[in-house]
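J.: Below, each chain spelled out in residue letters.
There are 2 protein chains.
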Amino acid sequence: MNTSEKTLAALRQHLHETALLESTMALLEWDEHTGMPDRAGDYRSEQLMLLSGFVHQRKTDPRIGEWLDELSTSDLSADPYSPVGALIRCVRRDYDRNVRLPESLIKHLAKATSLGQQVWVKAKRDNDYAAFQPSLHEIISLRREEASLLASDGEPLYDALLDQYEEGAKSKDVASVFEKLRDALIPWVRNAQETAQQAGPSSVEGVFDIEAQRTFSRWVAKKIGFDFERGRLDETVHPFCTTLGPHDHRILTRYSDSSFSTGLYGVLHEAGHGMYEQGLEPDWYGTPVATAASLGVHESQSRLWENSVGLSRPFWDWCMPEARKLFPSLEAVAIDRWVRDLNRVQCSLIRIEADEVTYNMHILIRFELEMGLIARDLNVADLPEAWSDKYQNYLGIRPPNDALGVLQDVHWSAGLIGYFPTYTLGNIYAAQLYEAADRELGGVGRLVAKGEFAPLLAWLREKVHRFGRRYPPMELIEKATGNAFSSDALIRHLRTKLA
Amino acid sequence: MNTSEKTLAALRQHLHETALLESTMALLEWDEHTGMPDRAGDYRSEQLMLLSGFVHQRKTDPRIGEWLDELSTSDLSADPYSPVGALIRCVRRDYDRNVRLPESLIKHLAKATSLGQQVWVKAKRDNDYAAFQPSLHEIISLRREEASLLASDGEPLYDALLDQYEEGAKSKDVASVFEKLRDALIPWVRNAQETAQQAGPSSVEGVFDIEAQRTFSRWVAKKIGFDFERGRLDETVHPFCTTLGPHDHRILTRYSDSSFSTGLYGVLHEAGHGMYEQGLEPDWYGTPVATAASLGVHESQSRLWENSVGLSRPFWDWCMPEARKLFPSLEAVAIDRWVRDLNRVQCSLIRIEADEVTYNMHILIRFELEMGLIARDLNVADLPEAWSDKYQNYLGIRPPNDALGVLQDVHWSAGLIGYFPTYTLGNIYAAQLYEAADRELGGVGRLVAKGEFAPLLAWLREKVHRFGRRYPPMELIEKATGNAFSSDALIRHLRTKLA
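Line by line, the protein sequences are chains A and B.
Here the first sequence stands for residues 1 to 499, numbered as in my numbering.
Here the second sequence stands for residues 1001 to 1499, numbered as in my numbering.
The shape of chain A in the complex, shown without the other chains (with noise of 0.2 angstroms):
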């Protein structure tokens, strides 16, 4: 080994030994949301705030500086998407970051969010804007902090948050992109909503076994692609999922015996999240070339699975006879009305019961909402009118109270700012996606209605999981795709859901 070759050596032997801790953090989460005893909880805390500090002690080791210096002069790193060049480069992007926030903020930013959050949970169920308004106001005023330090002259602090879930996302592309999206939908939403009203009850609605759910969703997982000898699926009351080492992966689903959706499409999201973390390479395991390129390129992965291929009809032209056997009243009900239902489009107020269609719209909304708090254009005391009216101009409908509008989501409380738009990105990402794959393997319906996944899985794995995060998310879908980031796949998908 040559110099630098030793440099590098030390550096990822540095970066493994972090990612055995982050990997033992990782499980004692997974563990907690899955069957920790009620009273274990303050000790758990007290173990992951040790480990926490391990980690972070370890991210800002100025021996990281030192080799990077050193190896950035080096024909290692001359080609940034190669493997060691995209591991240098992503590693001197997050260690700047890392040591460029002073630890006072990093722990400010920590309480206020802890904190943050129990007042939510309780400002949420009382109803109450008004208990909550100055945590908020204290979180956006520490992320307004923390971008200024990390935003590089006159780029807008949005994007500083922005670009920490979505390598290179600028707030000004994305936002005219989202505009396009908004402006195709609102008129599908309103005409839905019409349409919706005189639909009668849903044949998805019901009473289901919840041990058939169990057997039929893992059937489902194992046949789409997911590796059972390298990961696991458990239950949860949120649904996540998460990686513990090179070869585990864990999906978690709930279910719910009067909703045949929770459960089935719960796990087909999740699978689709843990089958990319299955994709990375293993032999790069806690290093940026074995970790996911973005959320939203994450997002676009479970929406592949969960909404392109599982809400489709030739996915249930295959798994109908399978699904019959677990639960015999689907026998009266005919494939066209049950995926008709799946599919049913309604103006909703809560973001997570949306369909495929208005989901968006949810996002949409937040989008603009906390550009507009970041960008001090809005106050936060004006915010639970201003999330109303939008409410009513996008969605047609007005929330009765802030728990049913401004209160209903975790995310603000607990900092995440700049993580709402991901989730249409990864919409948007899954349709451009799937319009390539599409046109490549040959219509995959045709390969779908079979039972055939392994093609799909096997493309997304060649053009997107290996890469990690060798390329920034929207290089990456433009590499994939052969098309540059654009809204126009989903919009063309999003068009045949309604009716």
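Hints were generated in silico from the structure; no laboratory data involved.
Treat the hints with caution; some may be incorrect.
Derived contacts from chain B toward chain A, CB cut-off under 8 angstroms, selection only [claimed, not checked]:
#  : residue
1  : 1023
2  : 1027
3  : 1037
4  : 1039
5  : 1043
6  : 1044
7  : 1230
8  : 1233
9  : 1237
10 : 1244
11 : 1245
12 : 1247
Far from chain A by the CB rule (all over 12 angstroms, computed), these chain B residues [unchecked claim]:
#  : residue
13 : 1156
14 : 1351
15 : 1354
The beta-carbon is built from N, C-alpha and C at its ideal position, and this holds for glycine as well.
For chain A, the structure is supplied; the task is to place chain B on it using the hints.
T.: Frame of chain A, contents of chain B only:
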């Protein structure tokens, strides 16, 4: 705070953070044995290795020695049985041990035992003692070396090993108490063997629905006092109990659909361990004050619930009605016969399948053999012959091969020498404790028959659990029962098991 109090606070904070890491390791191990994906093992080992390095560093931190030196002259250490005094005494004991062993020996032992277990698995499968002999030879040499670094002048090397699992126990005393037990057992065992040959099929063997066993075992564990708000019950291949925090105690069992005993008695055994841990003082978690007194005392708690309570007639008078609801085939089995079949005495070659009476004979044989190995009165090459002779002499049966003989247990391959006697020490303590509780509570059987377990658990909490390691095990038992360590109570108890 005065200076000593400040020093004590620093020591306790150090212990607290070490415990946070050790509890995290316990979770990594628990998860490994409950549901970790098949391919995640290598990475899990790396996580454990990293954390165990941190823990070792903390346990040999020279500041501990300095703090102890300061505290040894303070009033705080005046009473060696008070919480603080015992903490100082036990931490001194552990620290001295940790720093007396050179890191090279520890690493050598870790490597030899890790390899030893792999070699043992293969040797057992192939019935090839010769393949295992070099590993065992090396492990014994290393543990002799360890013992010679720890033993005080003139002390037998074996005692230095035994002392690690059972503080203060002397092999001379243990051997004399064990011999008395052995001499009582030999004629009974011979006699039982003849009776067993005349017995018909056992009602305990048959087909027992696993889901019903789960329900029944969980119900029993809850009724006897295992706190599910501070613990959980899961399944694994080799049952165990582990503690993950002051309010997080996890027990594991396995169920067999052809034997009723495996599942339920596994749960009773592990719940006994778990309730001991739940009875330690949560505020002193991570210190010797809230650590089990010894392996023998730990085993006494599991055996007391499993054997003294669970195999008794009053226990089945109480729970048979509930069992019959879940296992309709028990309607046809009289309680008399059921309890007799559960308590059947029969000589067998395999320790873990042995009944309550012959079980101890398996332990006594191992104890005598390993004392011989450490004293070099017995050569590793001659071990299989010596093993078989003892089985012949004490149990009247001779193993047909080494796989069913000397190769059956993992312990020696894992370096666990001095560990086996704690199983019979546990049985002895359990019998002593049960007799004392019976006397003081006016008949435990009377309470058990009514399903009233709280008085017995409260008695154990008061006499044993709450003290942790504040008293050495044999002192603790004498203090709790009013009687010195002796096998008399166990002999009286086992006599009742004979037909």
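J.: Hint by hint, note whether the structure agrees.
T.: Consistency of the hints with the structure:
| no. | hint | result |
| --- | --- | --- |
| 1 | 1023 | 7 angstroms, holds |
| 2 | 1027 | 6 angstroms, holds |
| 3 | 1037 | 5 angstroms, holds |
| 4 | 1039 | 4 angstroms, holds |
| 5 | 1043 | 4 angstroms, holds |
| 6 | 1044 | 7 angstroms, holds |
| 7 | 1230 | 5 angstroms, holds |
| 8 | 1233 | 10 angstroms, violated |
| 9 | 1237 | 17 angstroms, violated |
| 10 | 1244 | 7 angstroms, holds |
| 11 | 1245 | 4 angstroms, holds |
| 12 | 1247 | 4 angstroms, holds |
| 13 | 1156 | 41 angstroms, holds |
| 14 | 1351 | 32 angstroms, holds |
| 15 | 1354 | 33 angstroms, holds |
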